[in-house]
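Colleague: Residues per chain are reported as follows:
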Amino acid sequence: MTFWTYRRRDNLVGYLFVAPALLGSIAFVLVPLALVGWYSLNEWNVLGGTFEFIGAENYERLLADEKLRDSLVATAWFAGGLVVLNLSLALLLAVLLNQKLRGTTLFRTLFFSPVLVSLVAWTLVWQLMLQPEGSVNGLLGFFGVDGPNWLRGESTAMVSVIVVQVVKNVGLNMVLFLAALQGVPAPLYEAAKLDGAGAWTRFLRITIPLISPTILLTSIITIVGSLQVFAQIAVLTQGGPGTSTTVLIYYLYQQAFQFHHFGYGATISVLLFAIVAVLTLVQWRMRRKWVLHES
Amino acid sequence: MSRKVWLYGLLCLLCVPFVFPTWWMVTSSMKPIGEIFSVSLLPSDWTFSTYSQVFELQPFGQQYWNSLYIAVVVTIGTMVVAAMAGYAFARIRFPGQNALFVVVLVGLLIPSEVTIVPLFQLFQQLGLTNTHWPLIIVPIFGAPCVLAIFIMRQFFIALPAELEEAARMDGLGRAGIFYRVALPLSRPALGAVAIFTFLHSWNLYLEPIVYLSTPDMFTLPQALTQFVDIYGGPMWNVQLAAATMTAVPILIVFVLAQRQFIEGLAHTGVKG
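From first to last, the protein sequence lines are chains A and B. At position 266 of the first sequence (counting the first as 1) the number is 265 in numbering that gives the first Met the number 0, and the numbers step up by one without a gap. At position 171 of the second sequence (counting the first as 1) the number is 170 in numbering that gives the first Met the number 0, and the numbers step up by one without a gap.
What the hints contain is simulated information worked out from the structure, not anything from laboratory work. The beta carbon of each residue, even a glycine, is placed where N, CA and C say it ideally should be. Just to be clear, a hint being listed does not mean it is correct.
[What the hints assert, rightly or not] Covered stretches of chain A (in silico footprint by chain B; criterion: 3 or more residues with CB under 8 Å from a CB of chain B, positions within the stretch not fixed):
| # | stretch |
| --- | --- |
| 1 | 16-28 |
| 2 | 191-199 |
[Unchecked claim] According to the in silico footprint, chain A covers these stretches of chain B (three or more CB under 8 Å from chain A):
| # | stretch |
| --- | --- |
| 3 | 33-44 |
| 4 | 137-147 |
| 5 | 201-212 |
[To be verified] Calculated cross-link-like contacts (lysine-lysine; reagent style BS3-like; alpha-carbon spacing at most 27 Å):
| # | chain 1 | residue 1 | chain 2 | residue 2 |
| --- | --- | --- | --- | --- |
| 6 | A | K99 | B | K3 |
| 7 | A | K66 | B | K3 |
| 8 | A | K66 | A | K192 |
Please take these sequences and the hints and turn them into a complete structure.
Modeller: Following this line, the structure appears as structure tokens:
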């Protein structure tokens with residue numbers, strides 16, 4: 000077989016291998032995305048059976064929609080709170096589990112276990128535990144704290160939704176951080192110790208820079224993931240009280256599938272896609288600034 | 000010594016929100032309904048009738064099977080599609096490769112909720128709503144598969160070129176190299192992909208409630224929210240029994256295989 004026939008065959012195999020993924024991307028990602036763009040330019044009420052081109056009207060409505068503004072605020076609080084709490088807790092747990100201690104495997108298993116509990120099951124359990132007379136308040140009662148009605152207060156509802164989600168998923172980031180921590184060469188710490196660096200300085204100057212690629216990866220996954228949190232909201236708060244936990248994805252669901260405004264729902268989808276795309280690009284750009292090295 | 004005590008104390012304290020909900024779910028599923036809202040670690044009066052009620056109120060066995068077979072098919076399908084595409088993007092050079100990779104990567108940026116309206120339309124026109132097809136085809140070929148392709152590509156990129164050259168000298172073609180050499184070596188990455196994919200499918204909630212409408216087609220997450228008495232009031236202890244049955248088998252599998260499980264995930268993360 001000559002070099003060129005080999006090359007040509009290679010090309011063919013290459014195209015064949017990527018074909019399923021590529022055709023799938025076109026059929027289930029790109030075409031739907033283009034359709035979402037088209038729908039967003041139309042008034043489409045499924046119940047009324049109307050479909051009519053209205054140009055930018057949905058976008059004008061988007062700009063004037065107060066509920067959407069509330070929803071963006073809720074989304075920002077949710078995503079921000081979730082990422083900060085998730086990453087710092089994941090890092091704390093990973094550092095604790097990275098100590099030379101007996102039984103860390105057991106603790107690692109326990110911290111990871113909620114990842115595997117079916118999402119809706121997990122959320123239902125918390126929904127019951129967070130009721131006014133539920134076990135969370137019962138537990139607080141032991142310490143003389145009179146717990147609030149978690150899911151019915153505006154700020155406590157948001158806190159509850161964030162905490163439920165963080166406890167569910169922090170195990171994943173914890174495992175990634177743990178692997179990254181174990182990849183930091185021990186001699187670096189010893190050298191820094193000799194130079195008189197304290198534990199905190201070593202953490203900030205050695206650990207953090209060396210695991211920065213993992214911090215970037217986990218923060219991208221977590222932020223993008225936080226914008227897709229639907230089941231938890233649907234089960235725990237249905238976006239309430241008021242609109243305090245109506246994150247964008249839930250508002251989209253309400254508009255498209257509860258009020259049957261597919262056109263306007265599509266417009267919200269476009270906004271959501273734009274937000275995710277911008278966030279991802281920004282984070283990807285930022286990696287040059289603060290990520291020490293790329294593997 | 001005191002440092003150790005302090006560390007163990009902290010770990011135990013931090014464990015509470017991770018362990019207690021599961022404990023509470025399992026024990027409360029055996030409590031009489033009046034006892035759900037009391038802080039007791041164990042039921043005062045063990046009742047197991049909740050478990051039979053789960054099957055009386057809904058076709059729960061059928062729903063369990065639906066969730067299980069969908070997740071298994073999606074997992075196997077995703078592994079095949081992602082391994083092939085990941086390998087080609089990483090190891091084969093063909094014209095237009097980078098552009099095609101970017102096209103595929105767009106899926107990574109799109110929450111599946113964004114495209115759910117047109118996809119719903121598509122499957123409605125094909126007459127496939129209230130079937131499991133949308134829950135199988137879209138994850139295997141659509142956006143959820145992209146992360147798997149990315150993980151596989153990162154893995155194959157790190158594979159030493161010498162291995163492939165040796166195989167080529169032995170007369171293996173490209174497909175043979177993939178199937179006989181690269182694929183067996185990629186077991187850790189494939190394992191991670193399998194875990195991610197299975198959990199993703201198993202937890203899917205929005206898609207089933209959008210596509211499915213009859214209880215015998217429902218998947219577990221959707222079924223869990225439907226346990227209500229004739230007045231529409233939620234039957235909490237029955238709900239918890241159903242939740243326990245969905246969660247515990249997976250937890251047991253995990254505890255048995257937890258080393259391979261966590262380490263497989265961790266190594267993929269570092270390379271990604």
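Colleague: So which of those numbered hints doesn't the model satisfy?
Modeller: 2, 7 and 8
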